[in-house]
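S.K.: Chains A and B, in that order, are what the protein sequence lines are. When we follow the numbering used here, the leftmost residue of the first sequence carries the number 1, and every step to the right adds one. When we follow the numbering used here, the leftmost residue of the second sequence carries the number 1, and every step to the right adds one.
All clues given are correct.
As a list, the in silico EDC-like pairs of lysine to aspartate or glutamate whose alpha-carbon atoms are at most 16 Å apart:
| id | chain 1 | residue 1 | chain 2 | residue 2 |
| --- | --- | --- | --- | --- |
| 1 | B | Lys53 | A | Asp150 |
| 2 | B | Lys221 | A | Asp150 |
| 3 | A | Lys33 | A | Asp227 |
| 4 | A | Lys224 | A | Glu28 |
| 5 | A | Lys203 | A | Asp190 |
| 6 | A | Lys224 | A | Glu36 |
| 7 | A | Lys193 | A | Asp181 |
| 8 | A | Lys185 | A | Glu95 |
| 9 | B | Lys53 | A | Glu139 |
| 10 | A | Lys25 | A | Glu233 |
| 11 | A | Lys33 | A | Asp221 |
| 12 | B | Lys48 | A | Asp150 |
Simulated restraints, written as ranges between beta carbons of each label pair:
| id | chain 1 | residue 1 | chain 2 | residue 2 | range |
| --- | --- | --- | --- | --- | --- |
| 13 | A | Leu196 | B | Phe26 | 49 to 55 Å |
| 14 | B | Phe37 | A | Thr201 | 49 to 55 Å |
| 15 | B | Ala14 | A | Met240 | 48 to 54 Å |
| 16 | B | Phe26 | A | Leu99 | 46 to 52 Å |
| 17 | A | Asn66 | B | Leu47 | 32 to 38 Å |
| 18 | B | Gly242 | A | Gly191 | 34 to 40 Å |
| 19 | A | Leu99 | B | Gly242 | 26 to 32 Å |
So these bits of chain A aren't anywhere near chain B, every CB distance computed over 10 Å:
| id | residue |
| --- | --- |
| 20 | Ile37 |
| 21 | Ile76 |
| 22 | Val77 |
| 23 | Val81 |
| 24 | Lys185 |
| 25 | Asp190 |
| 26 | Pro209 |
| 27 | Lys219 |
| 28 | Glu232 |
If you are wondering where the hints come from, they were derived from the structure by calculation, not from laboratory data. Built from N, CA and C at the ideal position, the CB exists for glycine as well.
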Amino acid sequence: MFSCTQRRGGIIIAGSTSVQPFIEKVAEHFMEKHPEITINVQGGGSTAGIQATFNRTCNIGTSSRNLRVDERALKIVLIAVDGIAVIVHQSNPVEDLGLEEIRGIFSGKIRNWNELGGTDEEIIPVTREEGSGTRASFEGMLMGNVVISDACLVQDSNGAVREIIATTPQGIGYISVGLVDEREKALAIDGVKPTLANLITRKYNFTRPFLLLLLEEPKGDMKKFIDYVLSEEGQNILKMDGLIPATEIRDD
Amino acid sequence: MKDKITEKLLLFIAFSAILSLLLITFFIFQQGVPLIFKAGLQNFFSLKWAPTKGGFGILSMIVGSLMVTTGALAVGVPFGLACAIYLAEFSSSAFQKTLKPIIELLAGIPSVVYGFIGIVILIPFIRETFGGPGFSVLAASIVLGIMILPTIVSISYDALMSVPSTYRDGSLALGATRWQTVVMCLIPAARSGIVASIILGMGRAIGETMAVIMIAGNALKVPGSILDSVRTLTSTIALELGYAAGDHRAALFACGSFLFLIIIILNIIAIRVTGRK
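Isolated chain B, as found in the complex:
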């Protein structure tokens, strides 16, 4: 009897979580999608964003989001993967036990702190070393690259650790060096987990807002180099929602709908990749 009640209660709680997700989805699309049709797809996917004057083009922000995300992966993936491989294959277990929690701690630092560090240290450094405003694709990529490290390290590490030790032993027994074992045996075997870690990191980079607003400069123009300022979809929503009314507000929800779609697709890919062993 008691079990039954607990079961029902848990079921209800589980559904309430799904329900809130459905409500959020419904609300975002209901607020945003009508505007896409009202403005027309051609306007919506153009470069002209002046929502108080009838320009609803989000193309430059899509490009901006893609550039920043690619940049973040370019920084985060090599470091994250190297770190995961070192932890899983080369380090002593005492070292593993201290380093892994420290890296995971990175995930707990609020993004506004990353942004602040970016403004104080990274931006002046980039401005003085490379020129330009400092607020740039490069700055955003570096900071986001660090922010996605914990995701990439911990999921890749788990994937590498879950490769059966017989693989490792077999490879070494055949005369492969440890490095050859890692590259030719372990990484291919843990591939799905590693790919999933990259995709989840990508999702985090696309969705990140606060740190990006603080360091990307938010210029609407499509950047010509990595030293130029850039505007992402999420920054636009957070920057402009405060004063937006009417169609402008709807346009921000339309941005949100588009972003939502991208994140859902990324997550589906991540689930597919990990599911197929």
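Chain A extracted, bound-state conformation:
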């Protein structure tokens, strides 16, 4: 009887700024159902989240990259996969680009669509702001060691990038796969289109895992929360926001 009024320790989640908005949303829904449990979600970056999990400064860490060998002592829970799509305007005749061509565009070496089989128009690349997790993933997975040019337009959200591409015939940008809508066109990269099927089978490989990290097997409130994230309801929240739910991923 007293347990209802007893103050429980809250759960602190820290780490990837890319995972943060998604997990915050799931946590809000969870807290509505379990008002007695408080969840505090913080950013800091994947590396900081991994460190914080080891140091016990947070209860659950989050990461949007796979763990390195020296970090493998942590327990991981894959909650979703996020793909990065390179998008252009609907009217753009270009359908497929090679990785080198994408690097050329964003580093400022390729400046005209006619070099890529398109119309004779200046390319307008749009990137994300310094510090963005999506930008970091794009740099890591697609750009290799090539530096993004200062001449690219910069926008501070997936939505803002999408808006520019949808209204600029010469534009090219990158956003989360799930957020691509009918106003713009996701390009195939080296012949592989970022369809759900290709993402699930990992044929389209420009994806990153969204992980929860734990030092030991979850118990009590923490277990309740993790079970909720992996439940149909929790996974649906992630899916609605454009992620590929972990339950739909097959690791062949």
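With chain A's structure known, arrange chain B on it following the hints.
M.R.: Chain B alone, transformed into the frame defined by chain A:
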């Protein structure tokens, strides 16, 4: 007795406003200045801005802010001044009474609305007419120029109206036309107010953030023409603060410190100019 209490209460409230200003100043500088020294002035005033990789150069943003502000003045000052002169000297008083409040209403439109109008109307127009991405110095200058109109019009108008009517009458009595009276007598007499209006408009243009983020494109490269995209100091802070941590965050506060300094200097100049009659 009652008066005393009211007086003390007002004094306290007045000081609380000053106190919050001091706290803000202290906080911005305390967060930002250490990074300037850590990075070194040479790094801080360089062109390389990659704060997650040790590049803290804000030069391109300073240039960007200056270009956009100059552009806004180039658009706003001629229109604003012309409007103030017309209202003060040529229009009927009924017209004055309707037009001035309407212009002042411009100041009440949220900047995000200006930005939105810029994206929907101005950007496609510039892109299709002049080429380039549309998100450009030109677009930002036009929108900011309109945004600073109310400041320029209302302060210049007040300055022109406060010129004693004996000046006007004297000039006309000497045979000057109305236009000559305006140019040779009234504008010089109202000069300090007009200059102050321009400086305050400049402050507003430098500080504006939301509309600029939406229409300037925010490319870090120093623009080569007015059709190129541009990044200002305020846009950088607002764009990047969301994910910034550690030195990156401090670098944004350093941007803020620099901006703060510029605004303070502009305001001091404005106060000096108006104070000296």
